[in-house]
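Novice: In order, the protein sequences belong to chains A and B.
The opening residue of the first sequence carries number 1 in this note's numbering; numbering runs sequentially from there.
The opening residue of the second sequence carries number 286 in this note's numbering; numbering runs sequentially from there.
It should be emphasised that the hints constitute simulated quantities derived from the structure, not laboratory data.
Don't be surprised by glycine CBs; every beta carbon is placed ideally from N, CA and C.
Any given hint could turn out to be false.
Claimed, not checked - When the alpha-carbon atoms are kept at most 27 Å apart in a straight line, the in silico DSS-like pairs for lysine-lysine are as follows:
hint, chain 1, residue 1, chain 2, residue 2
1, B, K407, A, K239
2, B, K347, A, K165
3, B, K306, A, K283
4, B, K407, A, K64
5, B, K347, A, K229
6, B, K347, A, K239
7, B, K407, A, K229
8, A, K147, A, K162
Claimed, not checked - Reference listing, derived: stretches of chain B covered by chain A, where coverage requires no fewer than 3 residues with Cβ under 8 Å from a Cβ of chain A:
hint, segment
9, 323-334
10, 344-358
11, 393-402
12, 474-484
13, 521-531
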Amino acid sequence: MIKFFIFFSFLLLNKLSFADCSKARDTSRIVVAGGSITEILFFLNESQNIVAVDTTSNYPKDAKNYPSIGYVRALSTEGVLSLNPTLIIGENDMGPRNVLEQLKKTKIELRVLDEKNSIKGIKEKISCIGNIIGKNVNFTKNISFEKSISKLKIISKANSKKNIKGLVILMMQGTSPVVAGKNTSGEDFLKMIGSENTMNSFEGWKPAGKESILLSNPNFILVTQRATKNYGSLNSFLKESGIEMTEAARTQSVFSLDGMSFLGFGPRTINSGLEISNKIYEKFK
Amino acid sequence: MKNSNNFNSFQFTRFINFKQKFVLLSFLVLLFFSFILSLGIGSFRIPIINLINFELSDLEFKVLSEIRTPRVLLACLVGASLGISGASLQGLFRNPLADPGLIGVSAGAALGASFVIVLGTKFIPEFLFGVFILPISAISGASLVIFFLYAFTSGFGTKGTTYMLLIGIAINALASVIIGILTYLSTDSQLRGLTFWMMGSFGASNWLLISPAIILILSSILLMLPISRKIDVLQLGESEALRLGVDVQNLKLKVVLFSATCVGTSVALSGMIGFVGLVVPHLVRLIGGVNHSFLLAGSAILGAALMTFADLLSRILIQPAELPVGLLTSAIGAPFFLWLIIKIKR
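Build the full structure now, drawing on both the sequences and the hints.
Specialist: What follows is the structure, given as structure tokens:
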């Protein structure tokens, strides 16, 4: 019985456990593992204590000037420790696991943040990071950001009543277009702006046949700038990928934007969301 | 040296016996059917009745002409080129395990492609971008490997085929290392692109892309068929072939050059598609016989038929997503290969 109870409480604990957002002991040397965290620290004007970032931290431009601790999912314990950090803040996909275990054994504080790709998730992440570094984040003070959020909420709600379907293309080079399936940041972005994902029958980012894309008939398509850059321009991308046959291309509802700006779910994802949700609101009345 | 004319016959069909002609014909029928089947089936439904009556809607016609037809054609071409390269290289190296990948040409092409996928936007000026940049870079990679091969083996000659094989393996390893480094450098989305490309796909095909491929692959195949009789003679050993009047070095040059063109172009347009080049020639040999006049033609036709069919499966098995075609061919090819080895051993 006791065993059962312990097991059960473990289950509960697991369910209820969320990121520790309490104030860190010492924030004088911060190592960041995750692009959106770096972005948020800059957003909060608290970048002065960063000593190193991972390779996914490439926004804003100044973030690239820091020493790199490698890729967020393939960190090395000694590499991180050599920077003598007092605090490590990481995204929930930071790893590998054994490195995390090793880092936990050192006395350095390690905070792994939750990942919720939504407006609420972005706000929570910002407040959480604010708490950790001891800065009380008051969204009402940042009027333009708060305004963008409330605007986005209104438009997204309006959009969601219109049953608009979208598609996100990550890249296309020598294969069929690689698109966002279920449980991807691409789908989360579509949901955030009040639309549905046409490709909801498979998980993750997968190549989808051109015919299937035509058949799924999205109202609008989002393409990363990287994908279009490989073809020179958006127009030649549309032409050579066969996307130009879709209804979305005919109604000029294919938008290309910087991948991290809408898939990274940092503060600027709100702006990308606002931009695109406005566009589709105007298009589909 | 007068003798050599006997082996340089453009009427290579003379050396194909009646049974083999029948086999070739049935391969052709198979190819025809898989071609028609592939044109008729896809996630976008095009009713056959409409097709026969020429009553396609505008969109249906566009899907058929601009998406499906080039794709099926490319699958055919790549299948044929991998099949015939495999057969001719196995003949040249007198080694049943030879594979178009073995001389390092596909690794070279893969290296070129990975370079574009990972470092493309950094090092290549913007005006060069477009649909051709990936294939051109892949072809350059393949050519580089051929050049090295040529240089190291002093014109594919003098030092014997085993030497060339070893050089090929070494180049393969070298290319894999550089691909590994590029993989390490790549970002998340690049890595995804790279991985899917490596597994092979005909998804990117359009007319613009495949027209040069048609010319390159078809001309290589047509140039390879007439030398098939010489490959037969080579089976007696290099010195014996020399004595019988076959210019062995010239033969090596031709086989390597033509099959490298085939393989390089194929990899450039469709990524890495394994086991077709290895398994198809064995199948053809089992069915009809070992003389290369028959073997080369048969491998090309059967390769095309099987690849068209594999691509059809890759398109429809898990639609709307697509199964990489290289996965399919390897999934079928690897167990078959295992069976083959066990059978030979017995």
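Novice: Each hint: holds or not?
Specialist: Status of the hints after comparison with the structure:
no., hint, result
1, K407(B) - K239(A), "holds, 24 Å"
2, K347(B) - K165(A), "holds, 23 Å"
3, K306(B) - K283(A), "violated, 62 Å"
4, K407(B) - K64(A), "holds, 16 Å"
5, K347(B) - K229(A), "holds, 26 Å"
6, K347(B) - K239(A), "holds, 13 Å"
7, K407(B) - K229(A), "holds, 11 Å"
8, K147(A) - K162(A), "holds, 23 Å"
9, 323-334, "holds (count 3)"
10, 344-358, "holds (count 6)"
11, 393-402, "holds (count 3)"
12, 474-484, "holds (count 6)"
13, 521-531, "violated (count 0)"
When the structure is compared with the earlier hints, violations turn up for hints 3 and 13 and for no others.
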